[in-house]
Amino acid sequence: MRTPDSLLIAEDLLVLLLDDASGKPHADSTALPRALAGAVLLELAMADRIRVTEQGEDVRKGHVVTVGTAKRPADPVLARAFELLKNSRPMKPQRAIEKLGKGLREQVTERIIARGWVRAQHDKVLGLFPRTKLPARDGSHKAAMRAELESALLGKSDPTQRSAALISLLSATDVVHKVFPDEDKRAVKKRAKEIAEGEWAGAAVRKAISDINTAIMTAVIVSTSAGAASSGS
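Each residue of the sequence shown is one higher than the one before, counting from 5 in the numbering used here.
By construction, these hints were calculated from the structure, which means they are not laboratory data.
We put the CB at the ideal spot given by N, CA and C, even for glycine.
Be aware that a few hints might be false.
[Claimed, not checked] In silico lysine to any residue, SDA-like type, Cα no more than 20 Å apart, as pairs:
hint	residue 1	residue 2
1	Lys137	Ala118
2	Lys197	Glu152
3	Lys194	Arg210
4	Lys193	Ala208
5	Lys211	Glu198
6	Lys90	Asp79
7	Lys211	Arg166
8	Lys189	Glu152
9	Lys75	Met50
10	Lys182	Glu198
11	Lys146	Lys90
12	Lys106	Lys211
13	Lys146	Glu187
14	Lys160	Glu187
15	Lys137	Ala25
16	Lys160	Lys106
17	Lys182	Gly159
18	Lys28	Lys160
19	Lys146	Asp162
20	Lys146	Ala124
21	Lys28	Ala147
22	Lys96	Ser214
23	Lys106	Met221
24	Lys28	Ile117
25	Lys137	Gln125
26	Lys75	Ala208
27	Lys193	Thr164
28	Lys211	Ile117
[What the hints assert, rightly or not] Derived CB-CB ranges, DEER-like:
hint	residue 1	residue 2	range
29	Lys90	Arg190	38 to 46 Å
30	Val71	Glu203	17 to 25 Å
31	Lys197	Val129	48 to 56 Å
32	Thr73	Ala25	40 to 48 Å
33	Lys197	Glu102	46 to 54 Å
34	Pro185	Glu87	32 to 40 Å
35	Pro134	Asp23	14 to 22 Å
36	Val129	Ala25	16 to 24 Å
Produce the entire structure from the sequences given, and follow the hints as far as they go.
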């Protein structure tokens, strides 16, 4: 398997969300694809390839559109998302997340296995339902990434644009306290929200990021509520 060239924010996010020993994600199984889709959208927004429309445009406010001058990304995951958005009618961020999330977890999983960060461990739930767990293999990249994010969350350093993006995604998915379980839950959640809302990107990108993160939060709440309802019925 060929190792991917570019490192996606979605790859970093997935690795952060995996428990090193068990290989199970901290996020709910229905929430995880939505978080990864949000990461892809966020990366396109940071690269000025997509934006969210404002009041007074031809396209109704609050819809994701591709930037007219933007070129198709070289990375296949980003290219697929870009082309889907470019060739579809403008949609709200939550709808875009739902569409982009299909098959994305599998794509990102293949990439982090190819990088040697995790290994695939296959088993069956109750001896019937296939399941793949992803325990850590080489944790050096994750350790460095965690140290950088933790430093920003504890106020020891200013976040880079990439680390701020990751923190904003962890905050939107409400798992920052699970990724950093040794820190004060309330404090890290508060600081993560402050970083997510901070001025680490230009105004237009901040608007897109805000809308994307809100869409992730909404999707996570809806999927969690639906799962709770089905399990209780």
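Quiz item: What hints, given by number in increasing order, does this structure fail?
Solution: 4, 11, 12, 16, 18, 28, 31 and 33
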